[in-house]
Amino acid sequence: MKPIATLLIGLFCLLPWAGAASPADDPEYVRKAALKIDSYVAAWYRQKKMAVPEVTNDATFLRRAFLVTVGRIPTAEEARLFLEIDDPAKRTQLIDYLLASPGYSSHMSNWAFDLLRVTDGKSGFGGTLEPYRDWVRRAMESNMPWDDLTRGLLAARGNSWDPDHAAVGYYIRDRGMPLDNLSNTARIFLGSHMECAQCHDDPFGGPERFEFYQLAAFTNGVREASRRPMQKIWDEVSEDDRRRTLDYSVAQVIWDRVYGMSVQGGGTGRIELPQDYQYRDGEPGEMIAARTPFGKTVRMSDKDNADDGREKLAEWVTTRTGEQFPSVIANRMWDRVMGRGVYEPVDEFVEAKETHLPALMNHLVQLMVELDYDLRAFQKILLNTKTFQFVPNPEPSKVATGDDFHGRQLERMSSEQIWDSLITLAGGDPDKKPRRGVDTRVQIGGKPLNLGGKDMKKISEEVLAIDSESEMRTYFEALLEQVKKERSGGGGGGDGMMARQAPRYGGNDQVRASELPSPAPRDHLLYVFGQSDREVVEAASREPNVSQVLTLMNGFVQKQLVNNPGAHLYKSLEGASDAKEKIRRIYIAILSRPPSEEEFRWMLDEVNLSGDDAWPNIVSALVMSSEFLFVQ
Amino acid sequence: MNDHLKLDEFSRRRFISTAARTCLGVHLFPLLGSSVASGSLISGAKAKSVIYLFMAGGMSHLDTFDPKPKKKDVMGPLEAIPSKADDILVGQHLPKTAEVMNHVCVVNSMTSKQGAHEQGTYIMHTSYAMRGTITHPSLGAWAMKMAGRINPEIPGYVSIDASPEMTGGGFFGAKYAAAPIGSASEGLKDSRRPDHVDKEAFDRRLALADRLNQQFHDRYKNADVKAYEELYQEAVRLMNSEDLKAFNLNEEGEQARKLYGNGRFAQGCMLARRLVEHGVRFVEVQLGGWDTHYDNFGAVEGRCREFDQAYAALITDLEKRGLLKDTLVVVATEFGRTPEIKAEHNNGRDHHPSAFTCLLAGGGVKAGYRYGETDATGSRVKDAPVEVQDFNATIMHALGIPHDKEIYSPSGRPFRVADQGKPIMDLFA
Chain A
1 MKPIATLLIG LFCLLPWAGA ASPADDPEYV RKAALKIDSY VAAWYRQKKM AVPEVTNDAT
61 FLRRAFLVTV GRIPTAEEAR LFLEIDDPAK RTQLIDYLLA SPGYSSHMSN WAFDLLRVTD
121 GKSGFGGTLE PYRDWVRRAM ESNMPWDDLT RGLLAARGNS WDPDHAAVGY YIRDRGMPLD
181 NLSNTARIFL GSHMECAQCH DDPFGGPERF EFYQLAAFTN GVREASRRPM QKIWDEVSED
241 DRRRTLDYSV AQVIWDRVYG MSVQGGGTGR IELPQDYQYR DGEPGEMIAA RTPFGKTVRM
301 SDKDNADDGR EKLAEWVTTR TGEQFPSVIA NRMWDRVMGR GVYEPVDEFV EAKETHLPAL
361 MNHLVQLMVE LDYDLRAFQK ILLNTKTFQF VPNPEPSKVA TGDDFHGRQL ERMSSEQIWD
421 SLITLAGGDP DKKPRRGVDT RVQIGGKPLN LGGKDMKKIS EEVLAIDSES EMRTYFEALL
481 EQVKKERSGG GGGGDGMMAR QAPRYGGNDQ VRASELPSPA PRDHLLYVFG QSDREVVEAA
541 SREPNVSQVL TLMNGFVQKQ LVNNPGAHLY KSLEGASDAK EKIRRIYIAI LSRPPSEEEF
601 RWMLDEVNLS GDDAWPNIVS ALVMSSEFLF VQ
Chain B
1001 MNDHLKLDEF SRRRFISTAA RTCLGVHLFP LLGSSVASGS LISGAKAKSV IYLFMAGGMS
1061 HLDTFDPKPK KKDVMGPLEA IPSKADDILV GQHLPKTAEV MNHVCVVNSM TSKQGAHEQG
1121 TYIMHTSYAM RGTITHPSLG AWAMKMAGRI NPEIPGYVSI DASPEMTGGG FFGAKYAAAP
1181 IGSASEGLKD SRRPDHVDKE AFDRRLALAD RLNQQFHDRY KNADVKAYEE LYQEAVRLMN
1241 SEDLKAFNLN EEGEQARKLY GNGRFAQGCM LARRLVEHGV RFVEVQLGGW DTHYDNFGAV
1301 EGRCREFDQA YAALITDLEK RGLLKDTLVV VATEFGRTPE IKAEHNNGRD HHPSAFTCLL
1361 AGGGVKAGYR YGETDATGSR VKDAPVEVQD FNATIMHALG IPHDKEIYSP SGRPFRVADQ
1421 GKPIMDLFA
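Residue numbers (the numbering used here), protein chains in the order written: chain A, 1 to 632; chain B, 1001 to 1429.
One chain only, chain A, in its complex shape (with noise of 0.2 Å):
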């Protein structure tokens, strides 16, 4: 172990590297890929004889690196224990230890749930998606390979309550619209943008309409679990003069949130045309088979219907499409790590040779398949690029079809980076809070019941084993009165069951984005400065407009940082011996770095005239500032 390593961990709790061994555990493989990289990058310097950059200083590169891998900036105390210590490995320890944090997985969660397109529930849907939420969290968490993540997605089934099955939000967040569910899903996976030919033919030789529907017939057939056993008690309990009692709150809790959150049919590999079809290869109406569009083909009978097309689907989207599914998913860590795809858009695939660097998009896309994608050991060896580490380029990229390679292009924070960095500074290290967890509860009226440790997952294996009416009848009945008993004082100690629960968080708590609300609401910071509202595929903005400025001159910013004197960055001035030492270090602890002479005057001519009232004016002054707003 190197001495910062030991240090930081030291320092903070850390969790153990979670996930089998990666190649990318060797320091020396990691070196030397990240060596060749750069050597890419370098053939493309002298071809276009332009000067190299230049690496930049540890300071910059410290909140870069933070930035980009745990999506907030450095506590003080991490920036100081950075900057100090002299050792010319630093900047991989860093890397390291910071690919190792808690952090890291949560900044990669909110990725997901833009990429996903992940909420909390969504409007006329009865269940939650919040056990869907979870296992995306969790895939982030245990740092499961792309592909095992992408077939885990399309070929889920069971039911939602399972933490292994829970997957299966990915068909329920779009239920009703099997189709976008299907475009959305090549555009994510596969860089390919079908959603046109959901209607009609693309008139530039892109996909048609029946290869669309093609497509669709592997997913075809995706559906609830038959309600029929329930049907006939649903229908009385929904009378109107029994809707607010007892009866129908138990029955919602089967309807909506066991058979609602189920899903079913594992693809038939047939579909009918739809009846506007106006081509003349096929006709409104006529079942067609499943195939593949481009790749190996892979294609299923018109005959009968099968119950594993997903699954083929699945298959072949990650083994089956060349290049395509492992370039997109490498273009799309590109783009993290070094802030613009090397292709752009990062959701339409380009060819490596189609690209304007072949080389260095063909090594990239081997790399992905070398590492078994493994995401976090494929970032580990961008970071530990020298290209990562060229100092920040204001301008826009020279190459409107993806990345120039000048160093990485100033912008914005993303929202949820913003928010991160201020509870980091409002609260200190936030990763030292437990994430979310799902509530597996029976909820009634709102209400969490104990019900003697029964909680959806079992009611939902229950009810869905369950073929008949009156066995159905039996087993709801059964439930109304061990609910009833419990609501009347019977079967209490929900607190013990509270207490095991793991935390939800609500809009005003200070903790990470990625366990807030998906999205926050409306009235949130996260919102104001453009958190994607998850409805389409990576809809998040980092358009500046005046109500973020009003939120950072009078808004959270004032109440929880600036004018709250419990707040961390305050703790870490005590004992400071003067009022430079106090500037230092408050500069340290927003900008991450000492300030220059010039700023030391500035800032000490603020002390002089206002005294102690001039500590709030500096941090909110910093806050304000475009440094603290920008990723450098």
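A portion of the hints provided could be inaccurate.
Derived lysine-lysine pairs resembling DSS-like cross-links, with alpha carbons at most 25 Å apart [what the hints assert, rightly or not]:
#  : chain 1 : residue 1 : chain 2 : residue 2
1  : A       : Lys232    : B       : Lys1382
2  : A       : Lys398    : B       : Lys1226
3  : A       : Lys122    : B       : Lys1048
4  : B       : Lys1382   : B       : Lys1366
5  : B       : Lys1221   : A       : Lys48
6  : B       : Lys1221   : A       : Lys303
7  : A       : Lys398    : B       : Lys1221
8  : B       : Lys1199   : A       : Lys559
9  : B       : Lys1245   : A       : Lys559
10 : B       : Lys1320   : B       : Lys1245
If you are wondering where the hints come from, they were derived from the structure by calculation, not from laboratory data.
Go by the hints and put chain B onto chain A.
Positioned in the frame of chain A, the structure of chain B alone reads:
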């Protein structure tokens, strides 16, 4: 280039503190942050402002403003009711709206080729198809660019409950983007100086931040960095404006509250009216949840409950205050929904871009008028199709913005306010 940026450091700082202390700054620099180009507007245009109500998710035309009462298989359980305008029927869940239809112009022949939400929403807001290489300005940004602000002290473009991606400035830059409001009842959050911070301290904070920003901007010439610098000026001006009260719904009386109702969308409509009253050029209010693939009839009933009273109140209120004649109220959506009812999705309706309905009211358009027609099942446009671009050109024409004026993007490509669309002149009174 704004004049204040040319001033020396001392004047700059003095400007900021002056602006912070009084609203004098506004009179000294009346055009700050806006570019009023009124000279190039079409004369005789009636509308000054636009209230753009966007029904996100794809509002079913059949269950709202294009019912087909003779076709039971298309209508399912839903019935049509007569309205205050002869010849115009509306869905049964819109009883209050029915009472104001004599002010409304219904465009039943909207048609589009974009059948996915993102693409459909994008083209409705920008008139252009989504491209990976460029972001087009939204309608409100065009209105700001071409017509400028009416009131220079408050934002000219405000979005309520809308998505920041669809209300952006596009290649015009952040200066033209909407000021977003997440919750209408809270108004423009944080627009007052914190209680415990006195004016002196507040000004000094700004001056310090300004120095830091100046330094950062000198180091990195970057459009977004500059945008933030300018936004501070704007924010200070706004904080000191008398018209800040435009954002405060608490000033509305009991009667108005009763008229609009308590829903979230209702608050948005009420706020939109206040904003227009105070000279905001373009307000978008969004009402989501129209993506009724599953249980269409239950969902439509719920959406109409949100919409009906609020919309009727808005029209009534604007009319009563004499504002309807120069305010164009638009109801738009990204597409309609299929005449076919999907039994397997609990009677759902899917996306249907080839025929849908949008509404216009006030701002010089015909009242109680129905334009265009769909076939017997509401599946195709039978008469007078209106492309998205034509519809947007019509909105812009109402504001006096010429549809054929070319504006160049920073990369030198020519764009028009509604691409190749032309205003539908028959819609104007």
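Tested hints:
For the suggested pair A:Lys232 and B:Lys1382, the alpha carbons sit about 44 Å apart, so the restraint of at most 25 Å is broken. Restraint check: the Cα-Cα separation between A:Lys398 and B:Lys1226 comes to about 20 Å, which is no more than 25 Å; the hinted pair holds. A C-alpha spacing of about 37 Å is found between A:Lys122 and B:Lys1048, which places the hinted pair above 25 Å, so the restraint is violated. For the given pair, B:Lys1382 sits about 21 Å from B:Lys1366 by alpha-carbon distance, which is consistent with the 25 Å threshold.
The suggested pairing of B:Lys1221 with A:Lys48 holds, with an alpha-carbon distance near 24 Å, which does not exceed 25 Å. A C-alpha spacing of about 64 Å is found between B:Lys1221 and A:Lys303, which places the hinted pair above 25 Å, so the restraint is violated. Pair hint A:Lys398 plus B:Lys1221 holds up; C-alpha atoms about 15 Å apart against a cutoff of 25 Å. With a C-alpha separation of about 17 Å, the suggested pairing of B:Lys1199 with A:Lys559 holds against the 25 Å cut-off.
Between B:Lys1245 and A:Lys559, the direct Cα distance comes to roughly 23 Å. Compliance with the 25 Å bound is thereby established for this hinted pair. A C-alpha spacing of about 21 Å is found between B:Lys1320 and B:Lys1245, which places the hinted pair at or below 25 Å, so the restraint holds.
In terms of the numbered hints stated before, the structure departs from hints 1, 3 and 6, listed from lowest to highest.
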